[in-house]
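Heads up: the sequence lines are chains G and C, in that order. Residues 1 to 295, numbered by our numbering, are exactly what the first sequence covers, in order. Residues 1 to 224, numbered by our numbering, are exactly what the second sequence covers, in order.
By construction, these hints were calculated from the structure, which means they are not laboratory data. There's no promise every hint is true.
Stated by the list, open to error - Result set (EDC-like, lysine to aspartate or glutamate): computed pairs, CA atoms no more than 16 Å apart in a straight line:
| id | chain 1 | residue 1 | chain 2 | residue 2 |
| --- | --- | --- | --- | --- |
| 1 | C | K137 | G | D11 |
| 2 | G | K197 | C | D92 |
| 3 | C | K129 | C | E191 |
| 4 | G | K78 | G | E122 |
| 5 | C | K94 | C | E147 |
| 6 | G | K70 | G | D82 |
| 7 | G | K96 | G | E107 |
| 8 | C | K160 | C | D125 |
| 9 | G | K78 | G | E135 |
| 10 | C | K98 | G | D11 |
| 11 | C | K160 | C | E191 |
| 12 | C | K94 | G | E200 |
| 13 | C | K134 | C | E102 |
| 14 | C | K176 | C | D201 |
| 15 | C | K98 | G | E15 |
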Amino acid sequence: MISSAFGQTLDNLRENYSTILSGIVMTCFSLVILGTFILVYQNLIHLTQLAFRKSHYSLFLVDQISSHQKSAIAAYVKKIPDVGGIQEVSSDEAKKQLIESFVEARELLQQLDFPTFPNILEFVLDRSGPLTIEEARHLKSLDGVHDLITGRETRDQINTFFNIANFVGLFLITLLMICMVLIIYNTIHIAIRMRIKEIEILKILGASPGFIRLPYILEGTLIASISCLLSLGIIFFLYSFVVAGITFNNATYPIRGVVRFFTILEMGTFFVTIMLLGAFSSYLAANRIINNLDV
Amino acid sequence: MQNRPLIAIRKVRKHFLGKEPIFTDINLEVSGGEFIFLTGVSGAGKSTLFRMLLGLEKPDGGIIIFNGSDVRTLAGEDMCRHRRSIGMIYQDYKLLQKRSAEDNIAIPLQINGSPRNIRDKKIKDITRKLKIGKLLKQQVQSLSGGEQQLIAIARAAVHKPILILADEPTANLDQKMATRIFEVLSLLNSEGTTVIFATHDINLLKAHQKRILLLKHSVLVEVH
Numbered sequence: 001m002i003s004s005a006f007g008q009t010l011d012n013l014r015e016n017y018s019t020i021l022s023g024i025v026m027t028c029f030s031l032v033i034l035g036t037f038i039l040v041y042q043n044l045i046h047l048t049q050l051a052f053r054k055s056h057y058s059l060f061l062v063d064q065i066s067s068h069q070k071s072a073i074a075a076y077v078k079k080i081p082d083v084g085g086i087q088e089v090s091s092d093e094a095k096k097q098l099i100e101s102f103v104e105a106r107e108l109l110q111q112l113d114f115p116t117f118p119n120i121l122e123f124v125l126d127r128s129g130p131l132t133i134e135e136a137r138h139l140k141s142l143d144g145v146h147d148l149i150t151g152r153e154t155r156d157q158i159n160t161f162f163n164i165a166n167f168v169g170l171f172l173i174t175l176l177m178i179c180m181v182l183i184i185y186n187t188i189h190i191a192i193r194m195r196i197k198e199i200e201i202l203k204i205l206g207a208s209p210g211f212i213r214l215p216y217i218l219e220g221t222l223i224a225s226i227s228c229l230l231s232l233g234i235i236f237f238l239y240s241f242v243v244a245g246i247t248f249n250n251a252t253y254p255i256r257g258v259v260r261f262f263t264i265l266e267m268g269t270f271f272v273t274i275m276l277l278g279a280f281s282s283y284l285a286a287n288r289i290i291n292n293l294d295v
Numbered sequence: 001m002q003n004r005p006l007i008a009i010r011k012v013r014k015h016f017l018g019k020e021p022i023f024t025d026i027n028l029e030v031s032g033g034e035f036i037f038l039t040g041v042s043g044a045g046k047s048t049l050f051r052m053l054l055g056l057e058k059p060d061g062g063i064i065i066f067n068g069s070d071v072r073t074l075a076g077e078d079m080c081r082h083r084r085s086i087g088m089i090y091q092d093y094k095l096l097q098k099r100s101a102e103d104n105i106a107i108p109l110q111i112n113g114s115p116r117n118i119r120d121k122k123i124k125d126i127t128r129k130l131k132i133g134k135l136l137k138q139q140v141q142s143l144s145g146g147e148q149q150l151i152a153i154a155r156a157a158v159h160k161p162i163l164i165l166a167d168e169p170t171a172n173l174d175q176k177m178a179t180r181i182f183e184v185l186s187l188l189n190s191e192g193t194t195v196i197f198a199t200h201d202i203n204l205l206k207a208h209q210k211r212i213l214l215l216k217h218s219v220l221v222e223v224h
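Next comes chain C alone, as it looks inside the complex:
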């Protein structure tokens, strides 16, 4: 039971109508607490894989097990609970632009129904950890791209999810900020959160000795 993988993907196929098959037969096992880089060219299927893990996309075949549950069969409240156990970070941040950074970070806690005092404490903890305290009261649209990504990471991590999926979080950022984003995610990983970091930044991949998965020609291969 202890060795049960957090994620088990077996024989997953996916084909969008009128396009080349995106996955022909992919298999993957991820243990809890791992930090994985997922790489591949644009359109290779990194985002689709994340969408499948989140239950936003259904595979044409195969199974996706996350934390003991078959994601394909989840529905209703179970699907909501499943999504709440994953922190998602996007390249375009997906923040509520007219709200303050604090409001954005609070959303997962509100969804979980956390009381106000717990919510405040958790926001305080994550902002201290990510060193973004001075950004809290600012409106998101007034922040730089890097700052917005830090807020997005704080939002993804504030409720302590089991898994963080980062879909090219450094794509629009300069090297300095990209390094900071990586460090922040590494910090969260060191505290036990499993992180899958999608990127095609070769420098980042070379600089860090992590497990690397490559999506190429519709299959997933382990390169490191």
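Isolated chain G (complex conformation):
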């Protein structure tokens, strides 16, 4: 049955190449839109994550802290995974930095009598999430530590932004996928409608719905597969063209190291998904026509 269905599919392709070709073009076009959207979305999320990956923390130390305590705290901070850029800011340096950061009001600030500035131990966390609650609690409980400014609110806001972006992105991808199914479905539906007489003949001759359906399912799978391969080629061409256009000088060249095309695994997943969608939508289209036949 399978070999006969393959033969019939090939015959169908030969006889209706113009319908098949327009189906491939339509599907390929929608896949290029879908694939480009996924690629841009993926890279934007990746770039934003990179940009917001590093977060700064300040560990406020008590006023009368011994150098031994300071060293112990610094050693502990160093041990926390993904921590870097540990820097100690003394109270005098803190005052100096504050005054320097207000260029226009420098003279005025110098005349003011500030309360004592705390000693601060600053460090940078380079990971996709903030310090864990456990890590923060432990830091605060260390001898000589007054407080920890975690910047957690900002991180939470960024995380909320990513969650919303992920939801919107997945929603749009799902929407485009549904459009894709409808396009393949309609393409196959038109292709089958053109051959409704053939289906009638097959039904009269005693062909089972499965026998009639199989060549169309193979045809839909083939249309989807060819369109998918073509669209991946087109998206790669567009990607290379855009990246080359953006990174033409030294300032933007590093972008090449950050943006990326789909991995082999992602392309494989995309291909298999589209192939299955092709088979599924052609199954639906063939079923609808077979069930509505007058014979």
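Put chain C on the given structure of chain G with help from the hints.
Just chain C, lined up with the frame of chain G:
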């Protein structure tokens, strides 16, 4: 058991909405191996009767037994199997025009799932029997009406069905070709296949001493 008719139609009624009743009460018994002419004017219900036998149309009442099964109750794979046991020939041939004659003849064998070698052998046998070997590789749309009908007969008979229903197979053909079509169907009948031949060709009916059924005024009568 041996005398069980191949076809038993009892008290069958059929009425299409907004039209005169097509059958009010028809009864028929056909034994295996018979050759029957079915005649009547256009619209008398010859094609409808064939469609009912094939399970394409359901009667409003009565029963249709074919080979021991009630056609009205068949569904799914049973209905497919039922249709495969009947060879259908149409006035307009109903061939796949863009395919070769051989591809068309092979369809019932493909549906039956016959292996390639068996398929080739059966196609060879039927084409030899019908003397249509030279047409095999040609595309159907390039053949004449008579040749297309011969291909349609080959397709209907290649899988050796129990019954062949020929719905005015000679209607569009000249007398010479009509005679050939009749001879071919007679040949298949002589090998044991039951044939019901619908026609309103009086010459054909007169020329051959066969059982004749007439559909007239919504009833079926035996005239010969």
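Which hints, by number, does the structure contradict? Violated: hint 6 alone.
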